[in-house]
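Start from chain Z and add chain E according to the hints.
Number of protein chains: 2
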Amino acid sequence: MTVRFPSNIDIKKGFQVQLYESREDIRKAKIVRGRSINLALSHRGREALKHIGMEEKIVSKGIPMKARMIHSLSGKRSPIPYGKKDQYILSVDRANLNKELLTEFFLMTVMNITVLRCQTPLSRPGGEEVQVNADFVVGCDGAFSVVRRQFLRQSRFNYSQTYIPHGYMELTMPPLDGQFALAPNFLHIWPRNTFMMIALPNLDKTFTCTLFMPFDEFDKITTGEQVLDLFQTYFPDAVPLIGADALKRDYFRLPAQAMVSVKCSPYHIGDSCVLMGDAAHAMVPFYGQGMNAGFEDCLVFDELMDQLNDDFGAVLPEFSRVRVPDAQAIVDLAMYNYIEMRAHVNSRWFRFRKHLDNFLHFLMPTTMIPLYTMVTFTRTRYHEALKRWHWQNKCTHSLQRLNNTIKKYMYGVV
Amino acid sequence: MTVRFPSNIDIKKGFQVQLYESREDIRKAKIVRGRSINLALSHRGREALKHIGMEEKIVSKGIPMKARMIHSLSGKRSPIPYGKKDQYILSVDRANLNKELLTEFFLMTVMNITVLRCQTPLSRPGGEEVQVNADFVVGCDGAFSVVRRQFLRQSRFNYSQTYIPHGYMELTMPPLDGQFALAPNFLHIWPRNTFMMIALPNLDKTFTCTLFMPFDEFDKITTGEQVLDLFQTYFPDAVPLIGADALKRDYFRLPAQAMVSVKCSPYHIGDSCVLMGDAAHAMVPFYGQGMNAGFEDCLVFDELMDQLNDDFGAVLPEFSRVRVPDAQAIVDLAMYNYIEMRAHVNSRWFRFRKHLDNFLHFLMPTTMIPLYTMVTFTRTRYHEALKRWHWQNKCTHSLQRLNNTIKKYMYGVV
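Sequences listed follow chains Z and E, in order.
Position 326 of the first sequence, counted from 1, bears residue number 326 in full-length UniProt numbering, the numbering being contiguous throughout.
Position 245 of the second sequence, counted from 1, bears residue number 245 in full-length UniProt numbering, the numbering being contiguous throughout.
Worth double-checking, as some hints may not be accurate.
Unchecked claim - Derived DSSO-like pairs (lysine-lysine); straight-line CA-CA distance at most 27 Å: (1) Z:K394 - E:K394; (2) Z:K99 - Z:K50; (3) E:K205 - E:K66; (4) Z:K205 - Z:K76; (5) Z:K354 - Z:K408; (6) E:K394 - Z:K263.
Claimed, not checked - To spell it out: a stretch of chain Z is covered by chain E in this simulated footprint if at least three of its residues, at any positions, have a beta carbon under 8 Å from a beta carbon of chain E; those stretches are: (7) 222 to 232; (8) 402 to 409.
None of these hints come from the bench; they were simulated from the model.
Even for Gly, the Cβ is constructed at its ideal location relative to N, Cα and C.
So that you can see chain Z by itself, here it is in the shape it has in the complex (with noise of 0.2 Å):
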C-alpha cells in the first residue's frame, strides 16, 4: 500500500489516528477504474451511517429501489417487491459516498487507535514498501487486502478464497429525452440461466449495466458484431437502450473482472491488529450486502469498544467470536443468491415462494420473516437470519403437506 495521503486526526474517543490508502485521492482523482460504479444500501449500512450522523447526506443522494423487476426473454416485465410497500433499497453512487467519507473520516470513528508499536510492512507491486510502527493497526484494504498477508503467516489462521467462474463487465445506459431509459425506482434484472445482466439507477438519469458471464463466454466474444449478437439474442430490449454502437465500443473497454469470495477468522491477532469490511469478508455481489456488512462491522466494533471499556485485549477476540459467525453467513448466502438472481428468479416456483413468503409474514409479522427482509431491512444477526430462515422452510413445507394431508382427506385430491 503506497501511502498517499497519511492523515493524523484525533477524533472522538481521543485515539491518535493515521489512516493510509493505497489509491490516490478520490476526491481530486478523475476516473476510477475496475470497481463497480454503484452499491446497494440498505438497513445495517444506514444505521452505521447514522450513528456518525452522515445518513441523510448519502440517502439523499441515493435512488430508492422498490422491487426488482424482471425482464423476461420477449420483453415482458414483473416486478417483484423487496419486502412491504414502504421498504426499499438505495441505489448509491461509490465515488460519491467515498469522498464524504473521505472527508468526514467516518471510518475513523471505528479506528480509534494510536499508531505506535505493531509493525506492518506495507506495500504494493510496483509502489514502495512502509513499514509503520503502530499501537494498533484497522486492516479496512479490501478483499486482497497486504494486512490479511501478515496473519497469514500466523499459526491456527483459517483462509479461504473462492473465484467465481463468473465475471462482470460494467455498461452504461444513457437517459432517453432526458429522462431514465427504463422506470428508476427499481433493481432491473435479467436473468438467463447462466448469465444475467441487472441495471442499478444513478442519478444522472443512467443506468449502470452490469454482465455477469462466464470467462470462458466473455473469452469467445471477440468482436463488435459477437457482442451485438449476444445482446440481441439474449437482452433484445435494451439493446436499443444501451444503444448498439456503444455496445460494440464499450464492451472492450476494459476486460471481465473476477469476483472472489474470502472467508477467515480469526479477524485479530492479539490485541494489535484487526481485520474489517472486505478484507476479512470478501463476497460475491448478488446479496448486495458487501458494503452493508462492512459498515455494521464497525458498528458491532463500536458497540463492544463500549461495553468492553475500550480494552482492546477484550473486544478483538469477543469481535472474532462475535462476528465470524455472522459474516460467514452473509458470504454463504450472497453465494446462494449467485445461483438464486440467475436461475431461480426466472422460475414460477420462485415468485410463487417469494409472494408465499410475504403472505405467511403478513399473518405471522412476527413468527415467518422473508429471509431478505431479515437480511436487509434488520439488523437480525446473519448467521441468526440464516439459521432462522431454514427453520421457516421447514414450517412452510409442513404447511404445504399439511395443505396436501387436507386436500387429500377432503377431496380425495394428491
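Just chain E now, kept in the frame of chain Z:
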C-alpha cells in the same frame, strides 16, 4: 527458504536441476524437531518408489501393519484388518526415508527442470532472501509453501487453509525386556471420542505414540500430575508401557503441534511453475495418505510428461485438471477420518460396517470394494474412490432395506 545446499544435478530426462532446501542437511543433522517421526507408506507411495527403483530399499526398513488394534477403556484389544490377509501398510521412519531420498535425489525425477528464468523470491522469517532465476520451478515445499505465496498474488487462484481444533504430541514407548511393548504389526488406536492416541512401531522396537487432543485440553494441563491423571483415566494400559516418569517429563518437551488442511487450484502458473505434495494439498494425518498422495503426484506428473512429450505448456494445465479433484477428495477423506478414527471406530456399528464391507467385497470382489482398500491398496483415482464409495453406500443401504423387508414379510419382524 534459506538455501542450505543448492545442488546442481543432471538427471534422467536431461534437465538441469537445482534443489533448494531450507532445513539443514538431514543426513548430518542430529535431531529433527516438530515433525512426526514415522509415516504410513502404502500402495501409491510404493508405486512411485518402485518407479525409481527404491521400493525395496525403503520397504525393507518398514514395519508391516496388518490391522488397526483398538484399545478399549477396559483394556480390551480388538483388531480390525485393513484389507485382505496379505494387505498391510508400512510404518516407515521419516528421517531414514528423507535421507535415502536425498541421497538418490528421488524428488528430482520429476523436477525435470532447467533453472533460468522464472523469478521467485525464496525466504524464511529470519533467513536471508534469495532470488532464483529458473525456467521452471517446482514447489514441493510443504504445507507452508513459500512458492505458493506467489500463487496467492495471481488472480483467480482458489485457496483454503483450515486448522482443526486438535493438536498432536508425540511420546515414545520404549521396548519392554528388549521386545516391542505391544504387538508390533498393528497400528494401535485408543479412540476416546473427542480425542485419541495412536501408536506406530519403529525398527528399534519402540513405539511412537501420538496423542490427538483439542488445544483447549492441552492448555488445561500444566503439571506432571495432571498428565498422569489424564493417562490413568483414558489410557490406563499405556501408562506402565510409556512409564509414569517419562510421561510427566516428555509431555512438556514440545508444545502440541497444529494440523492444517490445504486445498488450492490450479496447481500451476503458466508453463513455469507447479506445486506438488503438501504445498498443493496438505491434509490432516488421519488417512495415512499425505506422503502417498505427494509421491503419487510425481508419478502422475511423470506419466503426463511421457504422454505429452515433456511439453510443460501442455503438461501443467493437464496436471492441474487431473490432479486437483483427486487431491481435494483425499483431503476431504482425511478430514472425514478425523472423526471416524476417534469416534466411530469405537462403535459396534463401525465394526459391523467394516465386516459387512469386507464380506460384500468377498462376494463381489470387483463391484463392492471397501473405500479404505481403494484408497490404500490401489491407484484408483481418489475422487473416483470417493464417488464409488457413495454409490456403494447406497447399494448397501438398499440391501439392508431389502433384508428388512424380507424379514418383515417372512417373520413379521421389522
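Against the structure, the hints:
no.	hint	in the structure
1	Z:K394 - E:K394	25 Å, holds
2	Z:K99 - Z:K50	17 Å, holds
3	E:K205 - E:K66	17 Å, holds
4	Z:K205 - Z:K76	22 Å, holds
5	Z:K354 - Z:K408	25 Å, holds
6	E:K394 - Z:K263	33 Å, violated
7	222 to 232	violated (count 0)
8	402 to 409	violated (count 0)
Of the hints listed earlier, those the structure fails to meet are numbers 6, 7, 8, in rising order.
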